[in-house]
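Going down the list, the sequences are from chains V and A.
Following our numbering, the numbering of the first sequence begins with 2 at its first residue and continues without gaps.
Following our numbering, the numbering of the second sequence begins with 130 at its first residue and continues without gaps.
Please keep in mind that the hints were generated in silico from the structure rather than gathered at the bench.
Virtual Cβ for every residue (Gly too), placed ideally from N, Cα, C.
Watch out, some of these pointers could steer you wrong.
Distance windows between CB atoms, simulated [unchecked claim]:
1. V/118 with A/132: 47 to 57 Å
2. A/132 with V/196: 47 to 57 Å
3. V/313 with A/177: 41 to 51 Å
4. V/248 with A/139: 30 to 40 Å
5. A/212 with V/371: 15 to 25 Å
6. V/69 with A/238: 29 to 39 Å
7. V/69 with A/212: 53 to 63 Å
8. A/135 with V/371: 33 to 43 Å
9. V/293 with A/135: 29 to 39 Å
10. V/212 with A/177: 52 to 62 Å
11. A/139 with V/73: 29 to 39 Å
12. V/368 with A/178: 26 to 36 Å
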Amino acid sequence: MRTSWKYKILVVDDEPDLERLMLQRMRRDIRAGLYKFVFAHNGVEALERLKEQPDIDLVLSDINMPKMDGLTLIEQIPKVQPDIRSVIISAYGDMKNIRTAMNRGAFDFVTKPIDFDDLKLTISRTLQHLVEWREALESRDKLVALQNELGVASKIQQSILPTRFPDRPGCRIFANMRPARNVGGDFFDVIHLSDGRIGIAIADVSDKGVPAALFMMSCRTLIKGAAIGKTDPGEVLHEVNQLLQEDNDAAMFVTVFYGVYDPDNRQFHYANGGHNSPLVVHADGSSAELPLTGGIALGLIPDLDYDNNTVTLDPGDLIVLYTDGVTEAFDEQGNQFGTERLQEVFAGVEPTDVQAANRSVFEAVEKFAGDTPQSDDITCVTLLHGSDGG
Amino acid sequence: MEISTEREGTLLVARAGGRLDSINAREFDDALKAAISDSDQVLIMDLEKVSYVSSAGLRVILLTAKTLQQRSAKLLICSLAEPIREVFEISGFDKIIPIHANLVEAKASIG
């Protein structure tokens, strides 16, 4: 029998089946000594476990439970064990509870019925974040406070980015972010929605440092939550804006472009909150900016409406989403890269490889900038509807 | 980060130059705070000499607008170079803060 494991996870749910299911679906990771699971059936029991077992790293909790519910539990956890991360299990699209849980310090959420592949990813991402956080805390004494703060911010930023992308006929996606030194603000997300549709978000948070990184965290989670609860991109941005602008005294804001792609009918349905308009590149290498929908950046003003627009992609069309780190990169003479140069990257070339297309943007910016230091994060997300029959 | 200001009664005109980016956003904010007095009713930011505004620079401008609004004072912006006007348009902030072609028009709009 194994007595050592890398991470200990407390699962809190009043449903008796979950314990059996979790041990079964996670058996490989358990056998490999990666995870050790302990279980509790309500918030009160969970707090007892946490007191008994201070080596628990992560709490995965349901919301509705007898004696003490998950939202109350999330609030109590830091009092017992501050250096811990929690993930909430919520009903599909239950934004109100997700929002409350995030406000009370939950790191992420998964929805019911539980998709175990998604759960595994969420757990590993949360633990990765925890490890980086612990490392940052350990090294805090050794570093200048500011450097450390920026390091923490950039690790938070890195930890929320997806690293695996859809790659199937009809929908190939690739994304990359190159952070600028000491500045953090860009992020992207690729969200698997029902019926094979894919949500794609690209965003740029104003300002830098830990407060901006936490704002980014919250923004990313709210987008993900709203995206799986709503089908209309404009409504997603409306809801995220509404939640972000509450208590935002620091006037931080985020520009967000959010689109939903349906490979079945090749429709790309999108709304824009003050972000650069993506390019659509056709198979002949010609390109145009997607029509603007006129929305304001999120986080500042309540009750904003965001208009939607829909474009239908032709086979071979490539959508290029980017942040201003691309178009506002400077060369040694102080010129900006601009959208025209971005269009030139694709001129006359049929985009057939989504990763190569993405890389060509970074290479063009790098070549243009020469020795000029990168002053802003550079992010590019490419979506290709392949002409290879799918 | 230097700004120059001139005051006409309850109107304050502030001129900034260079880049408003994450490197000097805080300085810009401090300079504005130091320049604005509680009796100012209108602040016109003349950004003619500004060559670049990043999102951190925008945030300072929005924070200033918000602070002024809380005491019923207002912020106007004028003389934006084309790339900077685009930044305001793309972010949608031209819908929040009135933007004028030049200082004369900005002053005329106050009435």
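We went through each hint and held it up to the structure:
1. V/118 with A/132: 47 to 57 Å: holds (54 Å)
2. A/132 with V/196: 47 to 57 Å: holds (54 Å)
3. V/313 with A/177: 41 to 51 Å: holds (43 Å)
4. V/248 with A/139: 30 to 40 Å: holds (31 Å)
5. A/212 with V/371: 15 to 25 Å: Given a distance of about 20 Å, which is inside 15 to 25 Å, the answer is holds.
6. V/69 with A/238: 29 to 39 Å: violated (58 Å)
7. V/69 with A/212: 53 to 63 Å: Taking Cβ atoms as reference, residue 69 of chain V and residue 212 of chain A lie about 55 Å apart, which means the hint holds.
8. A/135 with V/371: 33 to 43 Å: Given a distance of about 40 Å, which is inside 33 to 43 Å, the answer is holds.
9. V/293 with A/135: 29 to 39 Å: holds (37 Å)
10. V/212 with A/177: 52 to 62 Å: With a Cβ separation near 32 Å, residue 212 of chain V and residue 177 of chain A fall outside 52 to 62 Å, so the hint is violated.
11. A/139 with V/73: 29 to 39 Å: violated (52 Å)
12. V/368 with A/178: 26 to 36 Å: At 30 Å between Cβs, range holds.
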